[in-house]
Amino acid sequence: MSKDINELNFPENVRYTKDHEWAAVDGDAIKIGITDYAQDQLGDIVFVERPEVGDSFEQGQEFGTLESVKAVSEVYMPVGGEVVAANDELEDTPELVNTDPYGNGWIVEIKPADMADLDSLMDHAAYLDMLKGMDP
Amino acid sequence: MRYLPHTEDDIAAMLETIGANSLDDLFAAIPADCRRKQSLNLPEPLTEWELNRHMDSLAADVAVSPAYRVFLGAGSYDHHIPAAISQLLLRGEVFTAYTPYQPEISQGTLQTIFEYQTLTARLLGMDVANASMYDGASGLAEALLMSIRVTRRKKVAVSRAVHPLYRRVVETYLAPTGYEIVELPYLENGRTDLSKLPPLDELAGVAIQSPNFFGCIEDLTAAANQVHTDKKTLLIAAFSEPLAFGLLKSPGACGADIACGEGQSMGIPRSFGGPGLGMFAANKKFVRNMPGRLIGQTIDKDGNRGFVLTLATREQHIRREKATSNICSNQGLCATAATMYMATIGGIGIRELASLNRDKAEYLKTGLTAAGFSIPFAGPTFNEFVVKFPTGFESTYHNLLKKKIVAGLPLASYYPELADHYLLCATETCSRQNMDSLIKEVQS
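Sequences listed follow chains A and B, in order. Quick note on numbering: the working numbering labels position 45 of the first sequence as 45, and the sequence is numbered without any gaps. Quick note on numbering: the working numbering labels position 146 of the second sequence as 146, and the sequence is numbered without any gaps.
Hints may contain errors.
The following label-pair restraints were derived from C-beta to C-beta distances [what the hints assert, rightly or not]:
no. : chain 1 : residue 1 : chain 2 : residue 2 : range
1   : B       : Gln111    : A       : Lys18     : 43 to 49 Å
2   : A       : Gly133    : B       : Ala20     : 47 to 53 Å
3   : B       : Glu180    : A       : Asp119    : 50 to 56 Å
Listed next, the in silico DSS-like pairs over lysine-lysine satisfying Cα-Cα at most 27 Å (straight line) [claimed, not checked]:
no. : chain 1 : residue 1 : chain 2 : residue 2
4   : A       : Lys31     : B       : Lys285
5   : A       : Lys70     : B       : Lys403
6   : A       : Lys111    : B       : Lys154
7   : B       : Lys322    : A       : Lys70
8   : B       : Lys388    : A       : Lys70
9   : B       : Lys285    : B       : Lys232
10  : B       : Lys403    : B       : Lys388
11  : B       : Lys231    : A       : Lys111
12  : B       : Lys388    : A       : Lys111
13  : A       : Lys70     : B       : Lys301
Take a look, some chain B residues computed to stay more than 10 Å from chain A by CB distance [unchecked claim]:
no. : residue
14  : Thr172
15  : Lys196
16  : Thr229
Simulated from the structure, these hints should not be mistaken for laboratory data. The beta-carbon is built from N, C-alpha and C at its ideal position, and this holds for glycine as well.
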């Protein structure tokens, strides 16, 4: 059973994409993961396919997959750049994406090609509006 | 799986249930001009006796009749099949070509496939094997596509010493995709020339067959070491004769990332060219990129052992165009035969049988060399090897066919540069008498 949007957590210090990824500035780097809404829709995540450090991606390019017990979904880069770290803890504990999507459930950290890419993403209010618009 | 014919009563009951008066009534929605008016142009039915006579006369015309002495392998091998396998395979529980589509209700079928995977993984020395592919050729094409998925690169290298028909299937699979295939030439000794590899950082995978199409055993370990100087490129070890692994170091032990090939040698009759069995195994870290079905072992809520279709989320019926492959099936009956074969022969049996195959082939090779024929490729061989006969041997070859001897496969149509070269095979089914008579006849 999916939760109601009001029961989900959407922090104000991250930016959001229409594909339900989040991106957060962390010094010179940007951390990336999926939103509480996305993890709730996917259900129990059993595997996270991550890119390798050194791989480069354009904004919007697919960089990995999330496998839950019922589906496999792609994840797309909120901003373009080079991967500087991937969350290896997800190898043995992929459920971190469910339990702590904005914290220990982060997926990759990148060195952005252009920090200004962030401005094209939604803020907390815009993302929430989009989700409410999608509600049946 | 039971065979359930439709009796006239069954058909009448079904028609009544859906409210149709007759079969014609049922098909009334199909426009008349789309329907066939005449009956099919088929001969009258035969009695069982007549049919057997007819089949015997057809068999006498083709070189699969037991009257022929066949020294032909080239991807399909004549091996003794224990009677227990042919008998058990007829049991109603296993006699189906199909993969289970409502899997968990068919625990027996799943257990068989699980055991097939276990035995295949052991034979190939790999971490994990799938439930099987259609045949060796499509298995190789799938392995190359898998290397492209894993590495996100678009170019593959395939040895020219890989079975020519496998290469043709690979081209068919890859042609519409825009992926590039680079062909690696072979050396004077019949082995693949790895010095001709393009820069590895462009390559998704390198496919080498061992024993290769010329029967030569490739140095897989050296190939793996060279390919793995790039940390991403995968070594794909193909094969057409898995019995060789009774003697040779397994592909896994040599460092292959994927091992794939034809399993016909494992208890499946040659049947005029098919059906075959695609054996497919990989290193565990690539399991999520493997094509096809995979059976896993687990426990149910009461703690009893059970079998499940696992990682189905990668498959086409769930993941559509993002699936790892368009195969949502396996080669059920042939995989079952191979399971029975591997379990019946056992590890020691496979080793002894492999030795016997090599000894027979060496006997034939030595005899032909002593008779003055040349063995052009110096690389070590298993149960097949290439012989260069004198120019004009073609007429001898056809004379031998009339005497019901098939003196191997002429290679010229697959390798124009190998005129007068023939690929010969000797398995455990070749008697010394037959080999002696071949050696005598080719000199006539």
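Handout entry: Numbers of unmet hints, in rising order
Key = 3, 5, 8 and 12
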